[in-house]
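**Student:** Chains as they are written, first to last, in my numbering: chain P, 1 to 294; chain S, 1001 to 1360.
It cannot be assumed that every hint is accurate.
[Stated by the list, open to error] Once the Cα atoms are required to be at most 20 Å apart in a straight line, the calculated PhoX-like pairs of lysine-lysine come out as: (1) S:K1096 x P:K287; (2) S:K1099 x S:K1155; (3) S:K1243 x S:K1213; (4) P:K108 x P:K186; (5) S:K1155 x S:K1076; (6) S:K1304 x P:K105; (7) P:K106 x S:K1322; (8) S:K1016 x S:K1029; (9) S:K1304 x S:K1322.
Keep in mind the hints are simulated off the structure, nothing from the lab.
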Amino acid sequence: MIGYWKKVYAKNDNVKAYTLLSPALILIILAMVVPMALMLSFSMFTQVNMMEIDYTFTFQRYIDFFQKNLLVTLLIKSIKISFLVTLITLITAYPVCYYIAFYVKKNKMLWLVLLTLPFWTSYLLRVFSWKIILGTKGVINSSLINAGILSEPLTFLMYSETAVVITLTHAWAAFALLPLYVSLEKIDFSFIEAGRDLGLSRFEVFWKITFPLSLPGVIGAILIIFIPTVGDYVTPALLGGTDGRMLSNMIQAYFGKINNIPLGAASATIMLTTVILITIIVSNVTKRLTQRLT
Amino acid sequence: MSNSFIQINNISKHFKDVKAVDDVSFEIKEGEFFSLLGPSGCGKTTLLRLLAGFEYPTSGNLLIDGIDITALPPDKRPTNMVFQNYAIFPHLNVEKNIKFGLRKLGLSHDEIGNRVKDVLKLVKLEGYEERFSNQLSGGQRQRVALARALVRQPKVLLLDEPLGALDKKLRDEMQLELRTLQKNIGITFVFVTHDQQEAISMSDRVAVMNDGKIQQLSAPNELYKNPKNIFVSDFIGETNFLKAETKSSDGGFINVSIEELGEFKIKNNLNIAANSSDVVCSVRPESMMISNVKSDWDICLDAKIRQTSYLGEMTRFYVEVKGIDKTITVSSQHFDNQSFENNECFISISLEDISLLNKK
Chain P
1 MIGYWKKVYA
11 KNDNVKAYTL
21 LSPALILIIL
31 AMVVPMALML
41 SFSMFTQVNM
51 MEIDYTFTFQ
61 RYIDFFQKNL
71 LVTLLIKSIK
81 ISFLVTLITL
91 ITAYPVCYYI
101 AFYVKKNKML
111 WLVLLTLPFW
121 TSYLLRVFSW
131 KIILGTKGVI
141 NSSLINAGIL
151 SEPLTFLMYS
161 ETAVVITLTH
171 AWAAFALLPL
181 YVSLEKIDFS
191 FIEAGRDLGL
201 SRFEVFWKIT
211 FPLSLPGVIG
221 AILIIFIPTV
231 GDYVTPALLG
241 GTDGRMLSNM
251 IQAYFGKINN
261 IPLGAASATI
271 MLTTVILITI
281 IVSNVTKRLT
291 QRLT
Chain S
1001 MSNSFIQINN
1011 ISKHFKDVKA
1021 VDDVSFEIKE
1031 GEFFSLLGPS
1041 GCGKTTLLRL
1051 LAGFEYPTSG
1061 NLLIDGIDIT
1071 ALPPDKRPTN
1081 MVFQNYAIFP
1091 HLNVEKNIKF
1101 GLRKLGLSHD
1111 EIGNRVKDVL
1121 KLVKLEGYEE
1131 RFSNQLSGGQ
1141 RQRVALARAL
1151 VRQPKVLLLD
1161 EPLGALDKKL
1171 RDEMQLELRT
1181 LQKNIGITFV
1191 FVTHDQQEAI
1201 SMSDRVAVMN
1211 DGKIQQLSAP
1221 NELYKNPKNI
1231 FVSDFIGETN
1241 FLKAETKSSD
1251 GGFINVSIEE
1261 LGEFKIKNNL
1271 NIAANSSDVV
1281 CSVRPESMMI
1291 SNVKSDWDIC
1301 LDAKIRQTSY
1311 LGEMTRFYVE
1321 VKGIDKTITV
1331 SSQHFDNQSF
1341 ENNECFISIS
1351 LEDISLLNKK
């Protein structure tokens, strides 16, 4: 029997491949495919009361979602917050990466390590530290009041959309730095010199050569920030207040306090689909845009 | 033909403590194929980059066609460059790469189309408009780089070792092609290379550089026949050096004692001082003969062959002359089909083929 399997194994490359892949495959099936399938099926059931679920197949939950103004508003707000976070991160991280890639000659690694140093502490700790900075008695407000610039603390800083955007931007910046740096690092400086040699100003060279060539990194950074932040619920829960609440907080509530698992599952599915659609559109539009640019 | 189309006046470029280019002055004529030749780190590429505007000189000034370009940025200079790695923009196809440099020239749509068509024909790349850099061979990339620079019709074309990445056969072809192209379009070429054969075969004039300075600037055949110093003599072609000492001077001639060979009277073209031991004699391989019979040349020495290595057009002999071990290189045609009994041979040199050089 063992001899037979040995023969099969030796002859068949597919068997070999699947054997090698099996630990990862099993993990993915158990931790990704099964939960996704469960979520999809639950989104098509009905919560009858606190304890009971009606397992008849229906699309009603999806209709419910779009009939509830709150959910649609929260979905739009989640996208808006993530979009802002992504944009601010890109605008701040890109020049830093550009500088390290083209102007730092020695110890590039040291620069990158120093930039990512804050990210060695836990995500939760970083979120809490922003509470200390942004709070009504936090670093910003108390120093402004002590300096006599303000008489009352700025309230929009804390428990607001602003707080969520600031915190998420900081929390995810490191993840934008790396793909941006890698794509800029790869650009041969002679491309930039060639651009200047062919009569373009520094500014034009940037838009026609450097930026298009760094596009893979830009798209990578967009996806790496946009996807996780749109579904983040820790930061809005801790710093968002009512103003900064996002759809994920609502989904969490449907699975917990409110106990409407099917509607929660439907909301999650809608969110997932939206994120997938947005990433596809964003990468295509960015590519198209740069083609127009050049 | 102006004699000073490009003027390089007392140009120095220092990088921290390194003098990459050290107080260099010379002129390049209009329509000339001019080469900067030297080993790596000699300052030739820095000098080219100074002309292109990628570096600015520490001191001195540069003029092209009477206009001072010393402080002008690259995009304002009448020069274009063919980069060592070609620097073909990978996100643009061949046509867009070539059009890239035309957008700022204010040409009409038709004019742009015509120029692109003409230059593609010139570099024999018609039909490759849609290709991208990664779909081209090394030689084709080189042509795109050339076309992209030439389409702007610069006054001066700068070439930074453009043939370095090609294999030998293709390189030889491109040498000829570049030379023909340059003669046809009449643009001044400034060509940087570390390959002496390349510089010699293509250029009207060559500046040999070392340690940031021009060692010799002359026509290729002059470099070979009348090197001004030991560096040029060694760098250009193959040569044999013989230790020497000058004795008394005698008009255009000087008495020189060469190693153990004796004293000879040879021409003193470089006005080398008498009674100096800082000199050396150089003899080209084709001016030496190794034979199994005595010759009637000015110098004919008995020698014993210890070892030979065949290098193709030249052969290296490891010989013993009057008890001294010596390596000499001789044109292979000068001893073909000769057999040496007991490895005994005669080395012959004609006095007029010995050039006397200063060591420094």
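**Student:** The structure should be examined with respect to each hint, and the outcome stated for every one.
**Tutor:** Hints, verified against the model:
1. S:K1096 x P:K287: The given pair, whose Cα atoms are some 17 Å apart, holds under the 20 Å limit.
2. S:K1099 x S:K1155: 18 Å, holds
3. S:K1243 x S:K1213: Outside the cut-off at roughly 26 Å; violated.
4. P:K108 x P:K186: 14 Å, holds
5. S:K1155 x S:K1076: 12 Å, holds
6. S:K1304 x P:K105: 56 Å, violated
7. P:K106 x S:K1322: Roughly 56 Å separates the two Cα atoms, so the pair is violated.
8. S:K1016 x S:K1029: 32 Å, violated
9. S:K1304 x S:K1322: With Cα atoms ~9 Å apart, K1304 of chain S and K1322 of chain S stay inside 20 Å; holds.
When the structure is compared with the earlier hints, violations turn up for hints 3, 6, 7 and 8 and for no others.
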